[in-house]
Amino acid sequence: METHKKISSNVLALVFACLGMILGCVKENIVVETTEQVSITGYFEANPDKFSEFAAILDAANVSSVLNAYGLYTIFAPTNEGVRAYYQRKGKQSASDFTAAELRDLVLFHLLPDTIGTTAFTDGKLNRLTYYGQHLVTGVANVGGVSNTVINRQANLVEGNIAVNNGIIHAIDQVLEPATQTVAQLIESNPDLQIFARALHETGWYNRLNVLPAENPDPDSVRRWFTVLVEPDAVLAEAGFPTYEALRERFSHTGNPADPTDSLYLYVAYHVLPDARYLADIVSRTSHPTWAPLEVITSKYMGQEVLINDDIFNGMHEPGIGIDPAASDRSATNGVLHIAQGHFNIKLRSPIPVYWDLADQPEFRRLPGFRNGSLVHTVNLAQGGSHLEAIRWERDHIQYQANAGEGHFWGDRIMIPMSGTTNIRNHWVEFTTPLLVRGRYKVWVCYRTNPRAPIMQGYFNGVPLPRTLNMAEYNIGNTPEGEMEALGFKRHTNSSSNNFVGRLLGTIDVETTDRHILRFEGIAGGGDANGTWWDMIHFIPVDMDQLYPKFQPNGEIVQRPAN
Amino acid sequence: MAMIKNIFYVGIALVVLLTASCDKWLELKPEDGLIREDFWKTKEQVAVAVNGIYASLLEDRLVTNLFAWGELRADMVAYTGFATIEELNLMRGNMLPSNALSHWGQLYFSINLCNTVIAFAPLVLENDPTFTQEQLAAYQAEAYAVRALLYFYLYRTFGEVPLQLTPTYNDAAIERKGKNTKEEVYAQIVSDLQWAEQHAPLSHGSIAKDKGRITRYAVHTLMADVFLWEDRFEEALAACDKVIDSRRFGLINAENQSMWFNTVFYEGNSNESIFEFQFHRGKLNPFFNALINANRRFTASELVMEEIYTYDLINIENYDRRGNGAAVRSSDMIIWKFAGASGGQQDMRIRTADESFAHWFVYRYPDVLLMKAEALAWLNRGAEALELVYQIRERAYALETTDLNPSPNSAEDIAYFILQERAREFAFEGKRWFDLLRYAKRNNYAGINTLLEAVLVNVEANSFNSVRNKFRDPNAHYLPVFVDELERDPYMEQNPFYR
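These protein sequence lines are chains X and S, in that order.
Just so it is clear: in the first sequence, position 455 is 455 by the UniProt record's numbering, and no numbers are missing.
Just so it is clear: in the second sequence, position 82 is 82 by the UniProt record's numbering, and no numbers are missing.
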């Protein structure tokens, strides 16, 4: 027992030694905090050589504690040099020479909700508003071969994307200063924009453009902001209006420019867009509503130029007006100002018919078999893998089919598998129409019958068309054309086969001159794997001939024969 | 009693052993591999090590890098909705140091295998009397050449990179010394190649090996590329001539497009081929997910057919053999060079997942001819240069619309014509970005606008100005050092554009 005890104590010592080894080889890794990252405030405190001045501002503005707590912010933090330069500009010595309210405004202009990394920077405004209530714009400038990201045209990015536990910090080399003038004041204070400024006053637009978003009673927050495309005096002079009087003389047909039906009023309203749209926003969409009722401007990017109202209309190219990139994107407290390089106004157009050949899409034109009569040419376009500018569809594929035979304009068509019930075919397809001039049109879908086609409901800009589209329906034979039209049928080619149908779906009101969305949804019938066969869609003004011209398989367009 | 005692001691011994095994230093030999002292005994082992270099070139990440670096910033590849955010950021001019696409680790892994062969293969001379000095030199030449190739990719992609020239067989051997200058990296590439040029074999005995391993012709071709990058035209010309004069390579006429596609791209290792990474059924390339299946991340961009190959709208029988039916399938813009199981104008069959073994084409003979043409153009021998370009175009039935018809006296115009011809010839082979950059940077960035135009193809309209201005900074043409590398090596400096 004695030995046993001795052994036991030896054993115990060994066991402890082993335990020591076990513990010794396990690294101590105790987590005492939920995150090792510091907060925004903590980061500034940890880097006083760069941010002690800005930290002092945060303190004096009473926002340090907020930025030390949970949250999700993006903050643009000026370095010490930047802050000192700002003091100097303002004739101050330190943060204590400002009121707390001034500093608070200053900080709020540097602070945004959410985390916005540099990859989200564009040529235009950040997608969130600062807490101050104005937009910040970003860009990149290249000086002497070195590129820098520029914030609000005022500061260079020094270091971006510093991640902290309650957001993201972008270090910048200057303090950002918010705009102080409204769009109206911005225009009025610019000596090159005096004719337009006068027009703003005379039409009453000056007062509307002089309201801060926070004080604007418009229930739609987007409409509390304004984008103004100003024609400078030089441009107006070039266009024949050297003075405001000349402009009024030409446009003010009621004699009262403040009358909303007056053409001078409309001229001004056509130059004002709702929302703050920087050039980057303008080129991101193809059309923009204006304050002139139901009138839009179109926009596009050509080469390195932003063009507005550069349109193809009725097959003719109408050259657009450039926007001066250097003078534009001027921020105001309630919007943004752009300078147009030419004179433009609402275009008065009367409705013209659009005979849209669905198989004539720019993407199809690139196919080797496009309109190639010698070849049965089928091309599958899978959603996702390939896209068409003017057609979107839900799933699966659509086809371009050349050599589809008689009864088709140019002999070709597109095939779209549609269904009202099953989920293997498209439940919907959406067409973006060619430019349609404001007016009333009859809509005809011209197709080849497929008895298994489903029944579809069409929507023009979301408004249901009066008649459903049943592409299983045949044309009606042995009926005079006038009677056919009364029943909502026509023959759009020279084929007398009842397989080819032009079907009237109803009358639509096109409210703005623009491209619009025509959508079809399957509502009944399982459809057919071979799809629905679409040749053309006609938009014909209500007061025009609905039956002619006709469209031949060889591409010929036949006008109504003279009697 | 004695029994209990024994059990105790045995138990204690076990505990001691088990606990001690967590200390690395007690175990000298690695458990999962050979150590150097046991290796490097026979010439077969050298052969295995060299094979290992080539096998490492087939790693998914390596070719993925080469494709991304060579294509994504340029104008011929478009993204689909399945591209990753990192890929999108690279394509849209939003590259950041945290983007893993700038991770160069896989290249250094292969470089290390080269370094190992270069350093240790000589030990075999002592142990294996059947191993000759010539055999050794031939193996080492392959290692030098592959190392040069990989450094050349790094040099063009990052500018400055660390030169790792000795094997890192343990942690202590990893040098933490930051980046070398561009001049040092370039000089190393040239000297490696000059060594390899002396000793690389002319043939390895079979066609597959001659295309899959470094031959002296591959070294000449790589040298031509290296010299051309720094405008050393005379030397580039001489290197090209060595390949051409060997008469071992030729252009394959593409009149029968589907046959040509099958020979050059589906099968690979054709008479046009100089060096290809040899993917096979047992080791597939990473392109099935990236380029082929329904969730593919990339397609050809619209302008590949519209501007680079173009269509003859009047005569359908007249088409560039390298365009629809070879490089792309124009109906859905799938990158057919890697996706196609059969080419041609009809019945194009797509590769299935287990067929995704298209080779990675490092050099094909047309590259030699077009590099020679580029060198000639800048040596004021424009007429000779154009002759070579038209030789390429004729065999591929290039369309007249793409014949820029430059004056033989204008080096600039010929160089631009060659740039566009290279786009047609080497579409998606990981060369477009480097071609654009070489063209753009020549003569103090005289061609920068061509590069800017290409960069904008995948950029959204609301960022055109920003991205254009970013790429006016030459540092933006090179990728950032990945954040992990900066953390690992205190001497590593970031490219100033990304600081």
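By construction, these hints were calculated from the structure, which means they are not laboratory data.
The C-beta atom is built at its ideal place from N, Cα and C for all residues, glycine as well.
A portion of the hints provided could be inaccurate.
[Claimed, not checked] Calculated from the model, a selection of chain S residues having no Cβ within reach of chain X, i.e. all distances over 10 Å:
#	residue
1	Met305
2	Ser330
3	Asn462
4	Pro474
5	Ala476
[To be verified] Now the in silico label distances, taken between C-beta atoms and shown as ranges:
#	chain 1	residue 1	chain 2	residue 2	range
6	S	Gln345	X	Ile424	50 to 60 Å
7	X	Asn156	S	Thr450	26 to 36 Å
8	S	Lys41	X	Gly144	55 to 65 Å
9	X	Asn494	S	Asn409	25 to 35 Å
10	X	Ala69	S	Ser98	23 to 33 Å
11	X	Gly144	S	Thr166	47 to 57 Å
12	S	Glu255	X	Asn530	33 to 43 Å
13	X	Arg440	S	Asn405	23 to 33 Å
Hints, verified against the model:
1. Not every CB of chain X lies more than 10 Å from the CB of Met305/S, the least distance being 6 Å, so the non-interface label is violated.
2. The claim that Ser330/S lies off the interface is violated: its Cβ sits roughly 6 Å from the closest Cβ of chain X, which falls inside the 10 Å cut-off.
3. For Asn462/S, the requirement that its beta carbon stay farther than 10 Å from each beta carbon of chain X is not met, with the minimum near 4 Å.
4. The Cβ of Pro474/S does not lie farther than 10 Å from every Cβ of chain X; its closest approach is about 7 Å, which violates its non-interface assignment.
5. Taking the minimum C-beta to C-beta distance to chain X, about 6 Å, the non-interface status of Ala476/S is violated against the 10 Å cut.
6. A beta carbon spacing of about 30 Å between Gln345/S and Ile424/X contradicts the range 50 to 60 Å that was offered as a hint.
7. Under the hint 26 to 36 Å, the C-beta atoms of Asn156/X and Thr450/S, about 28 Å apart, fit the expected range.
8. At roughly 60 Å, the beta-carbon separation of Lys41/S and Gly144/X lies within the given 55 to 65 Å, and the hint holds.
9. In this structure the supplied range 25 to 35 Å is violated for Asn494/X paired with Asn409/S, their Cβ-Cβ distance being about 57 Å.
10. Hint check: Ala69/X to Ser98/S, Cβ distance near 26 Å, so the stated range 23 to 33 Å holds.
11. With their beta carbons about 40 Å apart, Gly144/X and Thr166/S fall outside the hinted range of 47 to 57 Å.
12. Distance hint check for Glu255/S and Asn530/X: the Cβ-Cβ separation is about 36 Å, which falls inside the suggested range of 33 to 43 Å.
13. The beta-carbon spacing between Arg440/X and Asn405/S, approximately 53 Å, falls outside the hinted interval of 23 to 33 Å.
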